[in-house]
Amino acid sequence: MKTDMRTLRSDWLRAILIAAALLAYDGRANATEATVNIENFTFGPQVLTVPAGTTVVWVNNDDIPHVVAEKNRKFRSQALDTGDSFTQTFTIPGTIEYYCSIHPMMTGKIIVAP
Amino acid sequence: MNEWERNETHGISRRGALECMIWAGTGVLWTLAAGVPKSLSLLGEAQAAEATGFTFLQISDSHIGFNKPANPDALGTLQEAIDKIKALPAQPAFMIHTGDITHLSKPEEFDNAEKVIGSAGLDVRYVPGEHDYIDEGGGQAYLDRYGKGTKGAGWYSFDDHGVHFIGLVNVVDLKAGGLGRLGADQLAWLADDLGGRSHSTPIVVFAHIPLWTVYADWGWGTDDSMQAMQLLSRFGSVTVLNGHIHQIVQKVEGNMVFHTARSTAFPQPAPGTAKGPGPVTVPAEMLRSLLGISTVEVRTGDRELAITDATLA
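Chains as they are written, first to last, in the numbering used here: chain A, 6 to 119; chain B, 158 to 470.
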């Protein structure tokens with residue numbers, strides 16, 4: 006009887022842990038993050054496919070500042086010095102074309118999947 | 158392999174157009190001969206030469222605020238450049254700065270640059286680089302300081318010793334996938350500015366990004382510069398001075414001479430010789446051999462400048 010009680014309690018515990026893990030997993034799934042590294046005057050990856058709701062983080066690893074801007078300037082970062090980052094969350098499926106507005110040969114795409 | 162061969166290998170030069178590429182030394186002396194400006198020698202020799210005409214000086218890419226390994230003291234090397242200018246036996250009539258005065262368009266960067274550059278005691282004519290246009294106001298910090306008497310994003314012209322000087326801005330409103338850009342408004346202004354001038358007027362054009370394509374992969378060119386060159390092509394002597402690429406590249410095409418100046422802050426790689434155009438870190442004892450200033454000599458009244466040939470094109 007004692008043993009059964011203990012089993013029951015540990016089963017409960019396990020269930021709670023699993024539920025908590027699932028919740029945590031779900032939470033993560035709803036706020037996915039992806040990184041674009043800026044290095045050697047290129048965006049990496051140049052084309053990034055993410056699920057809707059993803060927050061994309063651009064990190065400047067160059068010794069030169071860059072500015073991340075949507076092709077038609079729908080969004081635009083401040084000047085990102087070395088180590089600075091810029092985030093943007095994409096909720097609507099589609100293709101976003103962006104570039105560095107001071108080094109315009111640097112271009113990239115975010116494909117937001119439904 | 159010398160620089161010339163290296164450039165040939167990387168295919169950046171039009172055949173026979175790029176005359177030379179110089180890495181050593183601190184500056185370049187210019188004279189105008191038979192309508193075609195000609196690089197005579199490095200500044201060391203220029204200092205020894207008798208200055209018969211009027212000279213002006215070009216500095217570029219001081220990047221005040223830059224503190225990375227390629228040069229932890231950009232303000233110090235700018236001061237060294239200014240000290241060199243102050244020590245010239247014949248003082249230049251004025252100075253031009255071809256942009257990237259600052260690294261991040263911060264007020265204190267502009268202030269520090271101004272303090273050091275001002276210590277030369279010369280008039281300074283500026284054009285902005287892209288680094289001078291990245292404040293939150295989108296260039297307001299630059300225009301507040303240097304925009305007086307200019308049009309649009311900061312372009313203007315003036316005359317000195319019979320030479321017509323034109324400062325252009327090709328770092329603003331750049332388009333995705335493109336290069337530097339002058340834009341329709343500035344080109345219309347340029348057409349108007351050149352309109353009534355005699356084709357024998359010597360012209361000096363200065364802007365930050367090269368006004369010819371040095372290396373498109375790294376953005377070293379200007380999308381609509383051909384339209385500007387067409388407007389300038391009827392003049393017998395056109396000298397185009399740029400910065401941005403932190404090294405000397407020079408080409409002569411017809412009556413036009415194109416020249417880029419060294420930075421006073423840090424060197425950048427020769428076209429195509431690195432993964433990207435970012436700052437090159439060299440041994441400390443080598444750094445100063447890759448930074449510099451340029452002196453331009455215009456021999457006014459001299460036969461060499463007086464005889465300027467113009468084509469009918």
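Because the hints were derived from the structure by calculation, they are not lab data.
Even glycine gets a Cβ: it sits at the ideal position worked out from N, Cα and C.
Wrong hints could be hidden among the right ones.
Calculated Cβ distances over 12 angstroms to all of chain A for the following chain B residues [as the list claims (entries may be wrong)]:
#1 Lys-243
#2 Ser-262
#3 Gly-295
#4 Arg-302
#5 Ser-314
#6 Asp-316
#7 Asp-350
#8 Leu-351
#9 Ser-355
#10 Leu-388
#11 Leu-389
#12 Gln-407
#13 Val-409
In silico lysine-lysine, DSS-like type, Cα no more than 27 angstroms apart, as pairs [to be verified]:
#14 B/Lys-263 to A/Lys-114
#15 A/Lys-76 to B/Lys-332
#16 B/Lys-263 to A/Lys-79
Label pairs and their computed distance ranges (CB to CB) [as the list claims (entries may be wrong)]:
#17 A/Thr-100 to B/Gly-319: 52 to 58 angstroms
#18 B/Gln-387 to A/Ala-57: 47 to 53 angstroms
#19 A/Ser-90 to B/Pro-229: 20 to 26 angstroms
#20 B/Gly-429 to A/Asn-66: 19 to 25 angstroms
#21 A/Glu-38 to B/Gly-352: 54 to 60 angstroms
#22 A/Glu-38 to B/Leu-388: 46 to 52 angstroms
Going down the list of hints, with the structure as the test:
1. For B/Lys-243, the requirement that its beta carbon stay farther than 12 angstroms from each beta carbon of chain A is met, with the minimum near 30 angstroms.
2. Annotated as non-interface, B/Ser-262 brings its C-beta within 12 angstroms of a C-beta of chain A; the closest such distance is 7 angstroms.
3. Taking the minimum C-beta to C-beta distance to chain A, about 9 angstroms, the non-interface status of B/Gly-295 is violated against the 12 angstroms cut.
4. At roughly 18 angstroms from the closest C-beta of chain A, the C-beta of B/Arg-302 stays outside 12 angstroms, upholding its exclusion from the interface.
5. A cut-off of 12 angstroms between C-beta atoms confirms that B/Ser-314 is not in contact with chain A; the least separation is 25 angstroms.
6. Listed as outside the interface, B/Asp-316 is consistent with that label: its C-beta sits roughly 32 angstroms from the nearest C-beta of chain A, beyond the 12 angstroms cut-off.
7. Distance to chain A confirms B/Asp-350 as a non-interface residue, since its nearest Cβ pair spans about 26 angstroms, more than 12 angstroms.
8. Interface exclusion of B/Leu-351 from chain A stands, the closest Cβ pair being 27 angstroms apart, more than 12 angstroms.
9. Separation of B/Ser-355 from chain A is adequate, the least Cβ-Cβ distance of about 37 angstroms exceeding the 12 angstroms criterion.
10. No Cβ of chain A comes within 12 angstroms of the Cβ of B/Leu-388; the nearest lies about 24 angstroms off, and the non-interface call holds.
11. No Cβ of chain A comes within 12 angstroms of the Cβ of B/Leu-389; the nearest lies about 24 angstroms off, and the non-interface call holds.
12. Separation of B/Gln-407 from chain A is adequate, the least Cβ-Cβ distance of about 23 angstroms exceeding the 12 angstroms criterion.
13. At roughly 26 angstroms, the least C-beta separation between B/Val-409 and chain A is larger than 12 angstroms, which holds for a residue marked as non-interface.
14. Taken as a hint, the B/Lys-263 and A/Lys-114 pair is broken in the structure, with Cα atoms around 30 angstroms apart against an allowance of 27 angstroms.
15. Between A/Lys-76 and B/Lys-332 the alpha-carbon distance is near 8 angstroms, which keeps this suggested pair within the 27 angstroms criterion.
16. With a C-alpha separation of about 25 angstroms, the suggested pair B/Lys-263 and A/Lys-79 falls inside the 27 angstroms cut-off, and the hint holds.
17. Between A/Thr-100 and B/Gly-319 the beta carbon distance is about 55 angstroms. The supplied range of 52 to 58 angstroms therefore holds.
18. With their beta carbons about 48 angstroms apart, B/Gln-387 and A/Ala-57 fall inside the hinted range of 47 to 53 angstroms.
19. Between A/Ser-90 and B/Pro-229 the Cβ separation comes to about 24 angstroms, which falls inside the hinted range of 20 to 26 angstroms.
20. Checked against the hint of 19 to 25 angstroms, the C-beta distance between B/Gly-429 and A/Asn-66 comes to roughly 21 angstroms, which is consistent with it.
21. Between A/Glu-38 and B/Gly-352 the Cβ separation comes to about 56 angstroms, which falls inside the hinted range of 54 to 60 angstroms.
22. Between A/Glu-38 and B/Leu-388 the beta carbon distance is about 50 angstroms. The supplied range of 46 to 52 angstroms therefore holds.
When the structure is compared with the earlier hints, violations turn up for hints 2, 3, 14 and for no others.
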